[in-house]
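Asks: Residue numbers (my numbering), protein chains in the order written: chain A, 437 to 852; chain B, 437 to 852; chain C, 437 to 852; chain D, 437 to 852.
None of these hints come from the bench; they were simulated from the model. Be a bit skeptical, because a hint or two may be false.
Under the rule of at most 20 Å between Cα atoms (straight-line distance), these lysine to aspartate or glutamate pairs were calculated in the EDC-like manner [as the list claims (entries may be wrong)]:
| no. | chain 1 | residue 1 | chain 2 | residue 2 |
| --- | --- | --- | --- | --- |
| 1 | D | K792 | C | E458 |
| 2 | D | K792 | C | D595 |
| 3 | C | K569 | C | E612 |
| 4 | B | K792 | A | E475 |
| 5 | B | K569 | D | E591 |
| 6 | C | K569 | A | E810 |
| 7 | C | K569 | A | E475 |
| 8 | D | K569 | B | E591 |
| 9 | D | K569 | B | E810 |
| 10 | A | K792 | A | E810 |
| 11 | D | K792 | C | D481 |
| 12 | B | K569 | D | E585 |
| 13 | C | K792 | D | E483 |
| 14 | B | K569 | D | D487 |
| 15 | A | K569 | C | E483 |
| 16 | B | K792 | B | E496 |
| 17 | C | K569 | A | E588 |
| 18 | D | K569 | B | E617 |
| 19 | B | K792 | A | D481 |
| 20 | B | K569 | B | E810 |
| 21 | A | K792 | B | D481 |
| 22 | C | K569 | A | E585 |
| 23 | A | K569 | C | E588 |
| 24 | C | K792 | C | E441 |
| 25 | C | K792 | D | D481 |
| 26 | B | K569 | D | D768 |
| 27 | C | K792 | D | D532 |
| 28 | A | K569 | A | E617 |
| 29 | D | K569 | D | D532 |
| 30 | B | K792 | A | D615 |
| 31 | A | K792 | B | E475 |
| 32 | D | K792 | C | E496 |
| 33 | A | K569 | C | E602 |
| 34 | B | K569 | D | E605 |
| 35 | A | K569 | C | D615 |
| 36 | A | K792 | B | E483 |
| 37 | C | K569 | A | D595 |
| 38 | B | K569 | D | E483 |
Owing to the predicted nature of the structure, the values given are computational and were not obtained by experimental measurement.
Next come the chains, spelled out residue by residue.
Number of protein chains: 4
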Amino acid sequence: MTDPEDLATQVREGDLRIHELEEHADHDTAAEARRLFVERETGTDLESIGDYTFPAERAEPNIENMIGAAQIPMGIVGPVDVNGDASGASDGGAADGEHYLPLATTEGALLASVNRGLGVIRTAGGADARVTKNGMTRAPVFRVNGVAEAAETVEWVNDNFDTLAEAAESTTSHGELLDIEPYVVGDSVYLRFAYDTKDAMGMNMATIATGEACEIVESETPASLVALSGNLCSDKKPAAINAVEGRGRSVTADVLIPGELVEERLHTTADAIAEANTRKNLTGSAKAGSLGFNAHAANVVAAAFLATGQDEAQVVEAANTITTMDARQREDGTSDLYASVSLASLEVGTVGGGTKLPTQSEALEILGLRGGGEPAGSNADALAEIIAVGALAGELSLLAALASRHLASAHEDLGR
Amino acid sequence: MTDPEDLATQVREGDLRIHELEEHADHDTAAEARRLFVERETGTDLESIGDYTFPAERAEPNIENMIGAAQIPMGIVGPVDVNGDASGASDGGAADGEHYLPLATTEGALLASVNRGLGVIRTAGGADARVTKNGMTRAPVFRVNGVAEAAETVEWVNDNFDTLAEAAESTTSHGELLDIEPYVVGDSVYLRFAYDTKDAMGMNMATIATGEACEIVESETPASLVALSGNLCSDKKPAAINAVEGRGRSVTADVLIPGELVEERLHTTADAIAEANTRKNLTGSAKAGSLGFNAHAANVVAAAFLATGQDEAQVVEAANTITTMDARQREDGTSDLYASVSLASLEVGTVGGGTKLPTQSEALEILGLRGGGEPAGSNADALAEIIAVGALAGELSLLAALASRHLASAHEDLGR
Amino acid sequence: MTDPEDLATQVREGDLRIHELEEHADHDTAAEARRLFVERETGTDLESIGDYTFPAERAEPNIENMIGAAQIPMGIVGPVDVNGDASGASDGGAADGEHYLPLATTEGALLASVNRGLGVIRTAGGADARVTKNGMTRAPVFRVNGVAEAAETVEWVNDNFDTLAEAAESTTSHGELLDIEPYVVGDSVYLRFAYDTKDAMGMNMATIATGEACEIVESETPASLVALSGNLCSDKKPAAINAVEGRGRSVTADVLIPGELVEERLHTTADAIAEANTRKNLTGSAKAGSLGFNAHAANVVAAAFLATGQDEAQVVEAANTITTMDARQREDGTSDLYASVSLASLEVGTVGGGTKLPTQSEALEILGLRGGGEPAGSNADALAEIIAVGALAGELSLLAALASRHLASAHEDLGR
Amino acid sequence: MTDPEDLATQVREGDLRIHELEEHADHDTAAEARRLFVERETGTDLESIGDYTFPAERAEPNIENMIGAAQIPMGIVGPVDVNGDASGASDGGAADGEHYLPLATTEGALLASVNRGLGVIRTAGGADARVTKNGMTRAPVFRVNGVAEAAETVEWVNDNFDTLAEAAESTTSHGELLDIEPYVVGDSVYLRFAYDTKDAMGMNMATIATGEACEIVESETPASLVALSGNLCSDKKPAAINAVEGRGRSVTADVLIPGELVEERLHTTADAIAEANTRKNLTGSAKAGSLGFNAHAANVVAAAFLATGQDEAQVVEAANTITTMDARQREDGTSDLYASVSLASLEVGTVGGGTKLPTQSEALEILGLRGGGEPAGSNADALAEIIAVGALAGELSLLAALASRHLASAHEDLGR
């Protein structure tokens, strides 16, 4: 019965359904049987996909119908020199100091570029980073009869925050309800619940807690629940509400780079970088009707997410970044470069989700951020700060490359 | 010299730089040495990260500073029953028929959900899918003295498309310049070049070709190049220009599901699903200031991207989807469900980038879409159509779950 | 000296500057002199512009360099049957009942269309309307050295709301500071102050009060003020922050129209109207990357603003509306039409600004809403509710026209 | 029968309907009767509203249910020194030279502010202005059975542009069809028709012409028309499609102001203005999720629209502006200020609509732009260029005020 060939045959003959294999064999055998079935159906050889090196059972909370694994190359950049505030302690939090940041990607030149930026940041004395806002959100949508009932519902919710908080928090040992923001559109009422979910990214926690609170809303008001998510959360969509109000961590990282360093290491000037940033990241994005005012923050966010077991689909909003680059004039007339990235909705966790898988868990260990932090939430804060500095390094490096190429060609022009 | 321990020590002592290891050893040894170095620096054991099963050398175009790989669980959904138009041939293109779709993710329940949706689609006779637009874009930004020069530049570009196309296409054997759209903002001129890049995702191709054309623009007009990407491309940012005008493939998939099937398999009604879609995906997203009018298309896009070696950071715009769900009334008063997803800017390729890596390459083989298509471009078209159907299945399944839960509770209400 | 001909000559000869005329003559004479000057310079006859009928002096707070007036045709629609909540009193607020709504416009057919919609609303028993949020905002931007100072500033502001409120409110007899929301982008800190400005639109009040509070922020934190408005207010720009969080009044109006009435008076069906609304106002606007999900709410808002002396440039955000139209099925299988408009950021006042000018003041009197309300704020609330019902009527009428034309042509199709 | 008192009584008693009055009396008497009726119903005295000074009959195409007029104060700014390109002629187009710009507003200080900016522009040698794109759009939405039919429809439309152009242009003596851009969302097809409507704003022209073309689309493809406007036009909504692709005129105005002039006349520096612009108009608007990257362009656009008889509700998109301000360093180390405004979708006309009303017509005469231009379209182009320069002046003046206030306070700081 647990021979993978047999199982594959049974699936092929319709005696077993493809998702039922784990009921008849251990997880690795089930994956093998499924792979065999697919190989036969499609005439392929899935040796590499089958060559994963973790116990399939460990992936049970993460996947169904497993056939193996995608292997994404992982590299290392750093050290990331960050003056963070993750723990709030006077002697420096979890993100205070130097960390190697693992990145998994297939985008050639990305790590080299980020590493170059990190080197400049280190020489400049490190980057500052701060989480300026924190709250995982879930926004159910309710149906009411019309705006009269909507107003009544909103009023009840505003008056009964404590009751709803008690219900929501009864479902979680760590989560804390911070806020409920109501929005009315015709006969729909959206309630945006925001939670402090500590070291968990927290979407599941927020969903379950909100579900509990919704039952009370339904029983005490005229509103009936249509969907636990009404898209004002907003999860895995590029929404202004996240860009403006934040989701997960809002985090900023910045650095001041002496003009000499810009010239020596980036082969350009603060003015040239500032110009490229303004024309591309600010004016260009403005004209594009964009919610993203950066060069390629998504590259760093996505690669760090893959390496550390974050939710890869949340890259959509987690990458939402405004990059600023300004030339700060000194008294001697030369300019230093002030560079910053502000990520509005970086959803990260160091517990739960994909963080427990073997390679991902090791990646978090490299950062010293595996599992819950002390105090709770500080590991996720620190991860947010480090990713932000990584994104800052990537922005610096790319914009410097653009600016220096321009300078080079300007020099050629003069040389003619 | 090629002992990894020695190399790690040399890095630690500053005799070697961390990115130079490949100059002194083969790629796997270099990765091992780097891993050893990181293990010592951080007091960790990176056994799982080191347990990758492909030759490190194959990842050379994809990563620097490699230490190993992230292993992301991969599963299979399907068959995907799609009536596509990928090849334009009367007997059906590459996406015409049934395909198993590999998905790599850490998001539990995702594959089960998509698979449920695909089952319903199959029973309903399959989904239609069409690529309605295709063009990989790159939009450099130029500096001019002012709007007078901007207008002069735009006029020259409009008058000299052929010259620019010749230059651009001289750099590529496959790519074809389709269009140059100029935009003026003050003393900045943005030219959005759009290419048919066939089976390649094509961003590099577009960048190189555009660089060549830019030299002509610079020599023939007053404009000087500031940055090869001026963010009107727009790459890896959630920009309206992509949502409106498309980037990569614009693709729609849809299906008509008989009312009986909605009830039997999804345990709800077309009306209830349509209501949930309107309140959540349309009105909710509208209120959120969103560019994404869907439930969780990013989940499917991200998982398919990881499995098949696409650029994970492009999930940002590739997931840009409008989902519609309508109850179509029949003469007998009952309703069928029309469901569709329209992805505006799905950037995919079956050659280049991460598609050559072993597990990713096998994933494309499962789909029958590895490498270049016949005719050129048809494999990438087919991949776009199949991912769209996967996203459609995910939307269907989630919205049905929301709607049926609601119906269930409505029934309870009546039962009280 | 006060002969207009002489004055005009002096301006022409450079002895007087065009804006100094009021220093040498009464306002009407100054306007006449200026008109004469312009007539001579441009070879025109400005008889109509000069034919205004109010004392020029009354326009002093509203214009400089006055030459006369634009006369915009004003008409009347109504009665507007609204069940509002403007006063919060049990016996109905200021907007409870029937009102004639004056509209000034040059858009032919607009009033006819709105009037048709209002008639249907009356027959249906009137529309409900509620102000669901209220707050005039002003968001100064401060410069800090970097994110460390930004975080410090935000913390200080959060800890010292009462101090800032006291300062802000010291400048106004009516205004009340409701909230300060901080936003950090690199080395910029934005503080969004929100006020209850009662019956005044309140932008000046908010600006002055915020200016006072800013002085304290500057003296107590490292932040220095760059601009009293940092565009997160956001005034006279179409910004998601207003669409999401509101500015001025967030107001919803809705109505349930029996199916028979839809057929008799609008010559179409609830289903057809709902379809047109979904394809045009929801899906169409989604695809357009729009912040406005309506048909032509701006027409009604602009015309009501002109008639009642509101700020015409605020139409930009005041018109920001989501329109929903749903067919609500009855037990007998027929459908009623639920229609709503939700205006997120309707900035209106019944005191100050242009409301004191003669024609505008009379227009407010027609509505019974001239001057301050009892309680304070109720007149502006009522005005918001009435304008919302006007917008609802306009949406209904236009969508019905679209839907009925379609039905008509569908009938023709069948007739062929 | 034509006694206004009698007519008012008949309306009150229900013998006449309020919109039928023009059938029983001349337009002025009808307006008087309606006014009397409203006065009695509301207990008001509408003397000022009734004190309009144009023949009511002239407003017939612009309003229904007329009771009089709103009188909006009108002033004059200028001369506007503009180096335009309106006519394309070598000796300068209609906007080439100096013009007085009439503005109607109730926003105190606006004209003074704009005038200050215009003075600086004149001293700097005038502003350049160019219309960089032109096309009035109308985008009907069609229903199809699904994406297969959508693709078929799009293909037919792309293949039959000439046929559709012929049909569209058969309805107009001036209009010219420039482009049809198709967009597919599920079972909806949107076709964005763009026209050169010469000196007319052209929305009606575009609507009628598109209606004609739609009939052919309906007869030749499976598509059926749902609504002549599907919101991808996009009219009177703040939509990215307009900001990106333009609607009406896309126009840029700019000026280079010597540093000395910035100091003498604006009491600040190019650097300080550039900083305020970046933090407020670029970064602030970015963080606000805005489609408007300017300070108060809507003020100038709205006031010019009211004065010259444009559609006041189109201010929503016509004000869509990106403002840039940069310090351009000179060899001596000092900086000049480059300032620009780019209005993406300025819908203006010099014929039709409200332009024929007496005061509005005179306002156009002041500009020398009343009626059709020679060549056709040049008057509307010129109007666009002049309004753009007016907006530029307003931006300059406000940003300088912000920057100088800051400088002043910085000086105080130093003085302490």
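Asks: Taking the numbered hints from earlier one at a time, note which ones the structure violates and give those numbers from smallest to largest.
Replies: Of the numbered hints given earlier, those the structure breaks are 1, 2, 6, 7, 9, 14, 15, 24, 26, 27, 30, 32, 33, 34, 38, listed in rising order.
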